[in-house]
Amino acid sequence: MSTIAIPALPAGRTLTLGIRRIGYEVKAYFRQGDAVFFGFLFPIVMLTIFSVAFSEGDFGTTADGTVVTAADYYLPAMLAAGVLLSGLQNMALDIAAEKGDGTLKRLAGSPLPVISYFIGKIGQVLVSGVVQAALLLTLAALAFRVELPSDPDRWATFAWVFLLGIATSAILGIGLSSIPRSAKSANAVIIPIVLVLQFISGVYLQFSALPEWLQNVASVFPLKWMAQGMRAAFLPEEYRMLEAGEVWNLGGVAIALIVWLVVGLVLARVTFRWIRKDG
Amino acid sequence: MTTTDDLAVSVRGLRKQYGEFTAVDGVDFEIARGETFALLGPNGAGKSTTIEILEGYRDRSGGEVRVLGVDPQRGNLAWKARLGIVLQDSGESGNVTVREQLTHFAAFYPNPRPIDELIAAVGLEAKAGTLIRKLSGGQRRRVDVALGMVGRPELLFLDEPTTGFDPQARRQFWEVIRGLKSEGTSILLTTHYLDEAAQLSDRVGIIAGGRLVDIGTVDEVGGADARVPVVRWREHGVAREQRTTEPARLVAELSARLGEPEGLEVIRPSLEDIYLRLIGAQDAAPSEEKELTA
Ligand SMILES: Nc1ncnc2c1ncn2[C@@H]1O[C@H](COP(=O)(O)OP(=O)(O)OP(=O)(O)O)[C@@H](O)[C@H]1O
Ligand SMILES: [Mg+2]
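Protein chains in written order, with our numbering: chain Y, 1 to 279; chain L, 1 to 294.
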């Protein structure tokens, strides 16, 4: 008797609002200075530093006599790092900050579906990730004379590793955003995780040169697989001899990333709240 | 459960504990459709706690609550689309302009208000293209108010909406609220400006220490006794005052006796005077609560 008919909201609004959120998020993202530097420009700066600092270093020569330069070697690593930073770090810090400053509280009181909010965030990560990758590739090709692959298969490998990697990173970022108790502690919690992962996953240090136990530890986490997938796309075919089992193991890359994607979805589903009630 | 249809809000025996501390302790009130109700009380009285329970932000520890016929702990998106919320404090990073923000939020609602009309209503025409983070405190607050109204809510929650408003902006805000009232919007308001409450609300509830001290229309709250006018004058250089229900007769007497009395005033207690008396009485009477925590 006491039920009151509430007019239904139009169907399909979750998606249309999600798309609107993407535009809104992208605009706001590029207007904030500091995040743009840390998440967005960091891999580009690092590629420049490594390419210049190790320009005399020995990164090997292929059988046909092509010398692999520092820029050649670090491009796939920085692409992988960019995916992790644009996805996981940016997402986790951004959501933690929005929890702290009341953005999420305001959204929680509005009829915006949670899924639309996530579509907006993931879309923003995708847009900034694509721009970042394009800048990295352009910089590598023009400034450091990296010869980009001509084989479409390699670009296809790059495309799916990039997309799957960024989706996994973004979703994990949503899951991790609930760990810090406050926006202030978010930096202290998230940045070390991301930094350690980069060191043990073959981004800054050559993966095959790490002790085997450390390689095994790194293999549990997704960044190692993203870096491996990127190497498969950009390094000369012979360099697979340096990988575990002397194969690129793209099947392993796909499985590891999909498993982490599912873990991230569960984590996000279980831990995400617009606000801490009574907090 | 037959009358929930005519009520925007009904609250019965509402309690809220934060750990051992009881912030709201058995509050009852109702807000009819189209009514403006003001919740008044000192800092820490439990106003924001009550309002945020009604908005669905906090879970209550006890009591019955219905907001537009729905238990706020179970409110869905369609329910939220019928509410407007202005929180006591909201400080976002604000990397979008006023117009972008309002346009964006408008899209969440089925029947939003036109953006230009909204910007004009809160007097931000000159700042429509400015990033929110570059606005002054009072200007940001006006954006909050505009966001609360953008979806043409059936029920609008305003938790100290005019904090930081200059006097002119406050008057302009009152006009906006009167406009909403005439459209039939139900409003729950908290404020520390008693003149604002007197101007806007049909009824007020006065809350202190988590309990409702009094509730009634602006003209009746505190009881008839509290409203007895006071006549003040000076006689032979001495200030005199007398409470009387017949001030005109007293003034006539004075004028017959003294001619034109020096410093003559007839004062009707304002809502603020009545409020202060009620709150003062509350402080003077030691409640069980106070004995417990002392
Ligand atoms: N999240 C919380 N955890 C613990 N105690 C809280 C919490 N929120 C509020 N309180 C306490 O509950 C009481 C009521 O707080 P509330 O914010 O409802 O007051 P208020 O009437 O809105 O005051 P003001 O006029 O200052 O806004 C206060 O004593 C406050 O310290
Ligand atoms: Mg308050």
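Treat each hint with caution, since some may be false.
If you anchor each label on the Cβ, the simulated ranges turn out as follows [claimed, not checked]:
1. Y/184 - L/164: 55 to 61 Å
2. Y/27 - L/88: 36 to 42 Å
3. Y/27 - L/184: 33 to 39 Å
4. Y/272 - L/277: 45 to 51 Å
5. Y/66 - L/134: 52 to 58 Å
6. Y/58 - L/133: 28 to 34 Å
7. L/91 - Y/250: 22 to 28 Å
8. L/129 - Y/19: 38 to 44 Å
Keep in mind that the hints were calculated from the coordinates and are not lab data.
Small disclaimer: the values here were computed from a predicted structure and weren't measured.
For glycine and all other residues, C-beta sits at the position ideal for the given N, C-alpha and C.
Exercise for the section: Determine which of the earlier numbered hints do not hold for this structure and return their numbers in increasing order. Expected result: When the structure is compared with the hints, numbers 1, 2, 6, 7 and 8 turn out to be violated.
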